[in-house]
Amino acid sequence: MEPIDLDLDENDLELPSEPMHLNMGPSHPAMHGTVRIVLELSGETITKSDVQIGYLHRGFEKMCERGSWAQVFPYVDRLNYVSPMLNNVGYALAVEKMCELQVPDRCQWYRMILGELARMSDHLTCTGAMAMELGAFTPFLWFIKAREMIWDILEEETGARLTHSFGRIGGMANSPTPALKEMCRTAIKSVLEIVAEGEGMLLKNRIFLDRLEGIGAISGADAIALSWTGPCLRAAGVAYDVRKAHPYLKYDEVDFDMPLGKNGDNLDRFLIRLAELRQSARIVLQSCERMADDGPINCDDPRVMLPPKQDVYRTIEGTIQHFKLIMEGAKVPAGEVYSYTEGGNGEIGFYLVSDGSGTPYRVRIRPPCFAITAGLSKLINGAMLSDIVPTFGSLNMIGGECDH
Amino acid sequence: MGELKQVTLDASESSGFATTKLDALLGWARKWSLFKYPFVTACCGMEFMAVTSPRFDGTARFGAEAPRFSPRQSDLLWVVGTISQRQAPVLKRIYEQMMEPKWVLAFGTCASCGGFYDNYTTVPGIDKIIPCDVYIPGCPPRPEAVIDGLMLLQDKIARGDKTPGIVKPREDPASLVKLRLSKDSGQ
Amino acid sequence: MSERVLAALKQKFAADVLLTHSQFGDDTAVVAPSSWKAVCTFLRSDPEMGFDMFVDLCGVDYPTRDPRVEVVLHLRSMVHGHRVRVKTSVGDEDLDGCEVDSVTSLWPGADWFEREVYDLVGVHFRGHPDLRRILMYPEFEGHPLLKDYPADRTQPLIPYRTEAEAGLPLEKLAPFGRDEGMPFGRGLTKPAALASGHDDHAMKHGDN
Ligand code: SF4
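Protein chains in written order, with the numbering used here: chain F, 22 to 425; chain X, 1300 to 1486; chain L, 337 to 544.
By construction, these hints were calculated from the structure, which means they are not laboratory data.
From a predicted model like this one, the values you see are computed outputs, not experimental measurements.
One or more of the hints may lead you astray.
In silico negatives: residues of chain F with every beta carbon more than 10 Å from chain L [unchecked claim]:
1) H49
2) S248
3) C309
4) G316
5) G339
6) H425
Using 20 Å as the maximum straight-line C-alpha spacing, the simulated EDC-like pairs for lysine to aspartate or glutamate come out as follows [said to hold, decoys possible]:
7) F:K265 / F:D276
8) X:K1461 / X:E1395
9) X:K1401 / L:E501
10) F:K352 / F:D322
11) L:K373 / L:D437
12) L:K373 / L:E384
13) X:K1391 / L:D363
14) F:K118 / L:D437
15) X:K1391 / L:E475
16) X:K1461 / L:E501
17) F:K166 / X:E1443
18) X:K1320 / X:D1460
19) F:K330 / F:E349
20) F:K118 / L:E477
21) F:K265 / L:E499
We put the beta carbon where it would ideally sit given N, CA and C, even for glycine.
Hey, can you work out the whole structure from these sequences and the hints?
Here is the structure:
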């Protein structure tokens, strides 16, 4: 058979060169359901991109102006819904900073244990989902299995699997169960085993590595300029962790490392998350050692704490105090505060304005994801279309937090 | 479905018998081969992951495991999470692109009624936009509740019943209609 | 910790620094809107200050004050580890003159934050490269985080189904009716002008 294209010019074979427009999301399996990316493609290379968020804007900040200070807890749970306990603790610390309260030691350890467990579940979900989006389904199932183990502890402690609403101003809703330490020790052991197994499987996989290595890289200076925080910033080699830089709770008393990446690419972000997971496990175990087995869990400030149930029924003072706290809410001194903690994705800050009444005047959350997602466009411009999936996955964008 | 019915009607005098059987067969086949389109937006998605993962194995056991990310190939729309006003047209469009017969499952309080986001940006329940077959309350619902909902949907498919149901049915919206009608006629 | 910063600001911008305080340990400087950019540039570029990390930007509405909207900026220095909060107030009752200079040229990360403040509170940022809504959709009217925007006024993009279409009652059942539970906000958040439009909005379809 004769070749048919012998005397064709090079140019005749070329595809039309106008850029193609492609719309990814919001309902796209890799877009977490809430992000839309409008792309301008030349071939398979992305020339321009516009990341659009807001598909999960639920009016968090407006809703907080509705109830009392304590009624904000359920809403903060649903910000970063992969690690709700960290938000709970962050918000509680912010209000306590305004009330100038210090919770008892036992509560601080307890908050750290629950918070780090939540961070572990956050990193498990993120890395697992990232692997799944690249087609590795088995590690995802394993990581979810490990997450179930952590959730079992959290459920035992708080009563809810995911949305705990467990923080309180000046303490926690309940004291630790006697089985907590034992549960942590057993679960963490098996979780780490599963993680090692899953990691081994992924990091020997050429396809997985090729799709992560060197893709979506960002330098430390750029990451700071984009106001990134958390694992994504540390993957770019910048040593900033709120737990180390501005220790809160008892983080200055435990021994843990801050893993740092070098290239700031997807692989680094993936590895940093797994490394941090192990550090969190260390923190939990140390905190289990240090937490006292008995002692008060809540501070006894009558401004914010509900009186014990017996007093409510038996004494008039107790009844009045209970009534006031429930109907009017705890009165928080007028003023403004910015309090920040290390959330699953970085610095999660609460800027609170109080007018001295029982209702927040303004609750502003500084969502780490928001800044990180803002940088997505920069990472994918110039990359290939298929690079979006691992890059987006490694940023761990959480809709509830990013869109408030 | 209607067309098939006609065929059997023409073919035999004792049509009632044949159609029932055929419907039952179709219902049975459909209820065990639900192809899902997960419309996952929010926190409920975390619980959705748990439902599909090994511990609960909430979908594979019911023949509803295979996800299809093309609405044209799927027949069960899982609406998982809050639907904001901005998202609403997308949801509606996806629903319209799905082929008949199709079912919709509202996963979680937000999808069912807007949950505690009673504000300027949230759609108070997907039934404001698209019809919905089964409502699963809970914020997020426990996997057990979801499995309950899936089974309820299967029953409905088998029965050819299109009235919405709630897990656990305490008040069926259908009975509320009756209640309201009786109230209206009373006035 | 960073009184140094406040002192330096006061010294450099004398009259433009309207107020400083360190309530709850957060150092705060309130500056005049006209010197917003100058203050930010100073904080960013002066080696003593070195605020290279943009942390947060948000707007707070105080309907009873004049100027009405407060723009709040949080910064952190990676080098020195200190933080500062800078505030300015802009805009009168009708949000006229509600604008400040954009700081995106100093911190690229400010881009989306400024868009968000514009979206939710209505502050215009002069010189922002791409100022459009970010969380709400372009068709949305008003700025939801202003205190006089009723929290439950929806602006649907597509019409809701009618009860006849659905064959079901679609309004919320008790205890979720609008007269149940918590009121939205406090008295001051509902000026009389808006209160009238408040009753019939729920099922109002977005035909405009
Ligand atoms: S029902 Fe609850 S858990 Fe589910 S999306 Fe709504 S707020 Fe989140």
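Hey, K118 of chain F versus E477 of chain L, does the alpha-carbon distance stay inside 20 Å? violated, 36 Å
20 Å limit on alpha-carbon distance, applied to hinted pair K1401 of chain X and E501 of chain L: holds, 17 Å
For the pair we were handed, K1461 of chain X and E501 of chain L, check the Cα-Cα distance against 20 Å. holds, 14 Å
Hint check: K265 of chain F vs D276 of chain F, CA-CA at most 20 Å. Holds or violated? Cα-Cα ~10 Å, so holds.
20 Å Cα cutoff - pair K373 of chain L, D437 of chain L: holds, 6 Å
Nearest-CB test (10 Å) between chain L and G316 of chain F: Non-interface label on G316 of chain F holds, nearest chain L Cβ at 27 Å vs cutoff 10 Å.
Next pair to validate is K1461 of chain X with E1395 of chain X; report whether the Cα-Cα distance is within 20 Å. holds, 17 Å
Distance restraint between K373 of chain L and E384 of chain L, which requires alpha-carbon spacing of 20 Å or less: holds, 18 Å
Minimum C-beta separation from H49 of chain F to chain L exceeding 10 Å: can you confirm that? Holds, since 18 Å exceeds 10 Å.
Are all C-beta atoms of chain L more than 10 Å from that of G339 of chain F? Check passes; 24 Å lies beyond 10 Å.
When you check the alpha-carbon spacing of K1391 of chain X and D363 of chain L, does it fall within 20 Å? Violated. K1391 of chain X to D363 of chain L sits at ~49 Å, over the 20 Å cutoff.
The output says H425 of chain F does not contact chain L. Does that hold with a beta carbon cutoff of 10 Å? violated, 7 Å
Going through the hint list in order, the structure does not satisfy hints 2, 6, 13, 14, 20 and 21.
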